[in-house]
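Enquirer: Residues per chain are reported as follows:
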Amino acid sequence: MQFKISTKGFTDIIDITERVSEIVKNSKVKDGICLISSPGSTCGITTIEYESGMIKDLKRTLEKIAPMNKDYEHCKKWGDCNGYAHVRSALIKPFLAVLIEGGRLVLGQWQQIAFLDFDNRSREREVSVKIISS
Amino acid sequence: MQFKISTKGFTDIIDITERVSEIVKNSKVKDGICLISSPGSTCGITTIEYESGMIKDLKRTLEKIAPMNKDYEHCKKWGDCNGYAHVRSALIKPFLAVLIEGGRLVLGQWQQIAFLDFDNRSREREVSVKIISS
Amino acid sequence: MQFKISTKGFTDIIDITERVSEIVKNSKVKDGICLISSPGSTCGITTIEYESGMIKDLKRTLEKIAPMNKDYEHCKKWGDCNGYAHVRSALIKPFLAVLIEGGRLVLGQWQQIAFLDFDNRSREREVSVKIISS
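Top line first, the protein sequences correspond to chains A, B and C. Its first residue numbered 0, the first sequence is counted upward by one per residue in numbering that gives the first Met the number 0. Its first residue numbered 0, the second sequence is counted upward by one per residue in numbering that gives the first Met the number 0. Its first residue numbered 0, the third sequence is counted upward by one per residue in numbering that gives the first Met the number 0.
Don't read these hints as lab results, they were simulated from the structure. The reader is advised that the hints may include incorrect statements.
Identical copies look the same in the list; a pair holds intra-copy or inter-copy alike.
[Stated by the list, open to error] With a straight-line cut-off of 20 Å between C-alpha atoms, the simulated PhoX-like cross-links for lysine-lysine are:
# : residue 1 : residue 2
1 : LYS58     : LYS92
2 : LYS63     : LYS92
3 : LYS55     : LYS76
4 : LYS29     : LYS7
Same shape as in the complex, but just chain A:
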């Protein structure tokens, strides 16, 4: 199953928990794993407590690790100034696995699935969800 999301780029962080949960529910799988992935080398998927403070904190840390304004070799070579986005994606990775128990995603009370678009422009992204029964 796939769904699309519109992002603003520049480490736009989007809560996709509901979309994934719906796919899990419709699958009728009670016990297994759910893999969430997005093709691309400038995005990432992880889990966070999705609230505005934490979103700022994560952005700030990623800015420290791989600053947006830094002189990347990727930019020099391709004239494309999203080198930071590629590095962030390699570190976070554009996939996530979540367990399924009792027909539901095993997530904490304060834990959401977050899609991170690091690219330096707004984009439409495709997210793929694969469910494996155990």
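Model the placement of chains B and C on the given structure of chain A, informed by the hints.
Expert: Just chains B and C now, with coordinates in the frame of chain A:
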């Protein structure tokens, strides 16, 4: 399958290899994948050479990436000073996949499965293990 | 399925997309997930746009996060100066999941599967690929 572990928090790093191995052994699955996960947004699971030097090195690196004493927006907003823990968890992620071959986890000789509790207090954590036969 | 690769160490970054794709193709699995893993605590697997600029950028960022010349406790204890390699591996993790749709890996146009050997010497590494049909 689930098991519980008691942690001291503050990036307590606990070797859970034996617990996971036992579940794999009892499953009788010879060939497949093992997903290890813990619900929550302040913990992580990865593999390390589990020895005291490496544990200190990893803690020091995480302290550099997301310092415990830093002024996080999450803390300002919720009066909860574990902003660093949320950021570390988003980067490390609270899940891990390990392959199963010949009925055993495919791990290196010096490679253990480590549970990291980043939270700023001692906690009892639940770890879920899901085995998928291939 | 396994295959071997020779690396130069020191964060040698190797494109293994073709090797993995061939295994997926031969499996005849049309829909599922592909887990790629390597036993060891000094390597990592992720996806990147595999081009020389990006490779330099990723190396530089990893050098900032966990410098090669830093005084690691792991080194002091074991007389083995690859402490940085262990830390990098704990952060990147030596496994990756990629979805399979229509018998092919779901990857972006500019996205390759990269094996990273952080160790401080050349090595022969074994990469395991496990395919689960959904």
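Enquirer: Against this structure, judge whether each hint is valid.
Expert: Going down the list of hints, with the structure as the test:
Within a single copy, LYS58 and LYS92 get their C-alpha atoms as close as 16 Å, and across copies as close as 16 Å, so both meet the 20 Å cut-off. Within a single copy, LYS63 and LYS92 get their C-alpha atoms as close as 18 Å, and across copies as close as 19 Å, so both meet the 20 Å cut-off. When the C-alpha separation of LYS55 and LYS76 is checked against a cutoff of 20 Å, the pair qualifies only between copies, where the shortest distance is 11 Å, while the shortest distance within a copy is 31 Å. Taking the closest pair of Cα atoms, LYS29 and LYS7 never come within 20 Å of each other, the shortest separation being 35 Å inside a single copy and 33 Å across copies.
In summary, the one numbered hint that this structure violates is 4.
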